[in-house]
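K.L.:
What follows is each chain in one-letter form.
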Amino acid sequence: MPGFFVLLRIVLQGIKPDMLRGRLTESGKRGLVLISPPFAYALLLLAVPLATILLFSFWTQDYLTIDTTFTFSNYTEAFGDPLYMALLRRSLLIAGAVTVVTVLLAFPIAYFVSFHVQPSRKSLWLFLITIPFWTSYLIRVFLWKVILGYNGVLNSSLIGVGLIDEPLSFILYNANAVVITLAHAFAPFAILPIFVALEKIDRSLLEASLDLGETRVTTFLRVTLPLAMPGVVAAVLIVFIPTIGDYVTPRLVGGPDGLMIANMIQTQFLKLNNAPMGATLAILAMLSVTAVSLVFIWLNRRWLRGPK
Amino acid sequence: MTLIQLSGVNKHFGDYHALRDIDLEIQQGEFFSLLGPSGCGKTTLLRTIAGFEDVGSGSIRIDGRDMKGVGPNLRPTNMVFQSYAIFPHLSVAENVGFGLRRADMTRDEKTRAVGEALEMVGLGGYGGRAANALSGGQRQRVALARALILKPKVLLLDEPLSALDKKIREQMQVELIKLQREVGITFILVTHDQEEALVMSDRIAVMFDGGIGQMDDPETLYRRPRSKRVAQFIGMMNFLDGEVAATGTEIEVTVQGLGRCSVAAEQAPGAVAPGPVSIGIRPETLSLLFEGETTTRKEVAAVVDEVVYYGDMTYYDVRVDGIEKPLTLSMKNLIGRPVLDVGTQTRVAWDERSLVLLGH
Amino acid sequence: MRGLRIYAIAYLVFLYAPIFLLPLFAFNDADIIAFPLSGFTTHWFEELTRNAALQAAVRNSLIIAASTAVLSTILGICAARAATMADWPLKRPMMGLIMLPLVLPEIIVAVSLLVVIVQVFGLGLSNATIIAAHTLICMPFSIAVLNGAFQNLDPALEEAALDLGESRWSAFRLVILPLVMPGIISSLLISFTISLDEFIIAFFLSGANPTMPVYIWGLLRFPGQLPVVMAMGTILVALSIILLTIAELMRRRGLKRAGLKDTGGFL
Ligand SMILES: Nc1ncnc2c1ncn2[C@@H]1O[C@H](COP(=O)(O)OP(=O)(O)OP(=O)(O)O)[C@@H](O)[C@H]1O
Ligand SMILES: [Mg+2]
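Residue numbers (our numbering), protein chains in the order written: chain V, 1 to 308; chain Y, 1001 to 1360; chain C, 2001 to 2267.
For reference, chain V alone in the conformation it holds in the complex (with noise of 0.2 Å):
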């Protein structure tokens, strides 16, 4: 929950010092009334909720009842049963894995719509780019199934054409299978942003240096790319900590080498009903990226000059 850590961010740099002094402006009274109803909603059903697993993650389930002795057995069990950290450990990198195929793919399309679509056609693009993905989720994965199985689209038309004998079945059933089909599902997530940031650009900035003596790609490289980092880095988190929620995709492709931690989250609630359980791995899950991200963001603003 890399949110987490902004928002306490935030919440450090939002309280200026008039403020405190209790100087609010006619404009920021009626906006302090008017946020409040949205806010009110967001505490009771996200905050609180989201402060109560904390809790929970230190409860214990007895049986039908629930242990309310605060203790961190919930913890030593999850880093002591070697599924749980298998799960953990695969999600992180089923996760990185999409995120990086994902945002790889993605670049170019964005890159494409940016610079090389005329001003007037960019929308319609973005419009083409974004209905796959409001179309059914559960379908478009369950369909996958179909592109990729054994018998499936893939498969069959590649066979038709002559170009393999056998069918291929390194595609479903795995974490190939996972990959692929969250590539497809984030799609839109990782080429917005990219776009976003590349629309910004100042055309001007690519002039001055080709003008300056730099080739095409060395202006990409040193020009284009680091102004297009912030949209990069937006693009990774948006598609990375959402990856690490899903248990559907796991479930319909990846197979039992395919499973994830959302889906032991969901197990643990729903079917062997220990939400303290449950609690401790969806915490573990959230602390495990936004540490991931964390550290992301942190490597890149080191390295790659991205944003503050």
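Simulated from the structure, these hints should not be mistaken for lab results.
Some hints here could point you the wrong way.
[Stated by the list, open to error] With a cut-off of at most 30 Å between alpha-carbon atoms, the simulated DSBU-like pairs for lysine-lysine come out as follows:
# : chain 1 : residue 1 : chain 2 : residue 2
1 : Y       : K1110     : Y       : K1151
2 : Y       : K1153     : Y       : K1178
3 : V       : K200      : C       : K2256
4 : Y       : K1110     : Y       : K1153
5 : V       : K29       : V       : K145
6 : Y       : K1298     : Y       : K1325
7 : Y       : K1166     : V       : K29
8 : C       : K2256     : V       : K122
9 : Y       : K1166     : Y       : K1178
[What the hints assert, rightly or not] On the chain C side, residues computed to face chain V include the following (Cβ under 10 Å):
#  : residue
10 : N2152
11 : A2156
12 : T2193
13 : I2246
Every residue gets a Cβ at the ideal spot worked out from N, C-alpha and C, and that includes glycine.
On the provided structure of chain V, position chains Y and C with the ligands as indicated by the hints.
P.N.:
For chains Y and C with the ligands alone, kept in the frame of chain V given last:
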């Protein structure tokens, strides 16, 4: 009759002191301008009169009524916004008639009023147009008609001409003055263009850093600025150092490079005391003496240092012994008058009646 | 440049591949979802009309989606309007919390609400619980859409209306509302679409009456039912595309009305 009266108005934005002790009286029917550099608080002052900003301390009275707690929709003021704020989803006529919604008038009367208002600003027949399809000058006229149709006691204009190009701006200046005479409504105009303020206003308040530096009619403001800051802001002025020897109905003063002279008390509009003083001379009150010309005024030897030719005028910078900075003066290019070259030895005529002693 | 264009088209094929298959199987006269196709039929669509359980699920989903759309748009209007106002203490953290669901894995929202509703308050799960959760995750999208609409408004427009004698409320009704109306319609449509399609949270929080995606999830385990699911999916895709096209047209009209240049999509 005093229509608007501000006393001791102060306004803070956080720690920023945006208006400082503003005292102001504006007469019924007056064309009043607020002039000052960017960020000096002109818009803020206008918005406190309109009721968009509440004042920290002090009071605003309009037509004898205290405006404290009276919202902008209930004040007898209307505003022409800098962006014009033409409602983009309404037609020109709907924009102009917007404020009549609550008026006790029949539909026909409203239509007629809108037609007249459009006529008045020279947009007769434009009522059916979409507001988006107007040029800058036309939008400005719609904004004017929309505000004037409500017959406010005061019309507030926030840099209404700054978005227009030079030609249309000058034309609109003339039209605005005519319009104001015609309707007899008090206008308060915000501008940072000193020429615009001088041309249009009955009276001008020059503002600096949230306070009023000087408030006078255009001629007094130009001829008798009270401080160096006001003098610098309005028109061009040469500044010389001097020393006041004695004050009274006549002030005895020694001027750097020009010598001792005595000037009338009214030439020192700001308070002066014996001691060092700053003295201003406008470029057009100095003149070059060409070959063979004589003068009844005082004269001093000078050397041409810089020549800038403007067509109708020529501006010269001349060096005079005893003055470090060259003096700037302007000469009309009359028939037979040559334009002098840099380095020419010449004489400059000056008059002690054109000196202004500036307070600090 | 040529290469890029070819790549872009290949990418679109990748994006559209599953959607393209959907109607093929929906009209395919075979019990299994596989090639080769074996003939045209509308049988699966007729089957749809006979499946009472599925219809109940659809009705349920429509109720949930409509309620979510209205709620999240109303809350979104408040938040987007507030965002255009001057600062107040904790403005950014408040906005941050409201927008947080955008970057939160959905399963986290689902389990945390489940725990609070069932274990803490001991309430039952129902359509209301799903509406509550869907409103939470749709609100950021509504705000994102509406923000564009509100931020593009010249603040002087409201002041001009006040100056011409209107009250705050009538200024909102006469000036602001008509100008942001296209944004409101987009927001309604987008929240409706998200809610209609949402599965991860609905699966955790649905009570006795499943939503349509939850029902479909159940069907996916029975191969015999799959062609019906394809038929259902085809209708849904057609519906989504229509709704989104309207939303997009609305957005463009809004921009045009405000006299602005188009700068991109919804997100
Ligand atoms: N709502 C506000 N919050 C904080 N500071 C403000 C606000 N409005 C104005 N200010 C500050 O008050 C000062 C005066 O602003 P104002 O708009 O009155 O200047 P102005 O004289 O109209 O300048 P300009 O010629 O640039 O329009 C400026 O420094 C401005 O930054
Ligand atoms: Mg201003």
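K.L.:
Now look at each hint and say whether the structure bears it out.
P.N.:
These are the hints, each one checked on the structure:
Among the hinted pairs, Y/K1110 with Y/K1151 is consistent with the structure: their alpha-carbon atoms are about 14 Å apart, no more than 30 Å. For the given pair, Y/K1153 sits about 17 Å from Y/K1178 by alpha-carbon distance, which is consistent with the 30 Å threshold. Our distance criterion of 30 Å between C-alpha atoms is met by V/K200 and C/K2256, whose separation comes to about 21 Å. For the hint linking Y/K1110 to Y/K1153, the alpha-carbon distance of about 20 Å falls within 30 Å, and the restraint holds.
Distance hint between V/K29 and V/K145 is unfulfilled; the C-alpha atoms sit about 54 Å from each other, more than 30 Å. The straight-line distance between the Cα atoms of Y/K1298 and Y/K1325 is roughly 20 Å, inside the 30 Å bound, and the hint therefore holds. With a CA separation close to 41 Å, the supplied pair Y/K1166 and V/K29 exceeds the 30 Å bound. Restraint check: the Cα-Cα separation between C/K2256 and V/K122 comes to about 16 Å, which is no more than 30 Å; the hinted pair holds.
With a CA separation close to 19 Å, the supplied pair Y/K1166 and Y/K1178 stays within the 30 Å bound. Of the supplied interface hints, the one on C/N2152 is violated, with its beta-carbon coming no nearer than about 16 Å to a beta-carbon of chain V, more than 10 Å. Using the Cβ-Cβ criterion of 10 Å, the hint placing C/A2156 at the interface with chain V is not satisfied: the shortest such distance is roughly 13 Å. Interface restraint check: C/T2193 against chain V, minimum CB-CB distance 5 Å, threshold 10 Å, status holds.
With a cut of 10 Å, the hint placing C/I2246 at the interface with chain V is violated, because the nearest CB-to-CB distance is about 12 Å.
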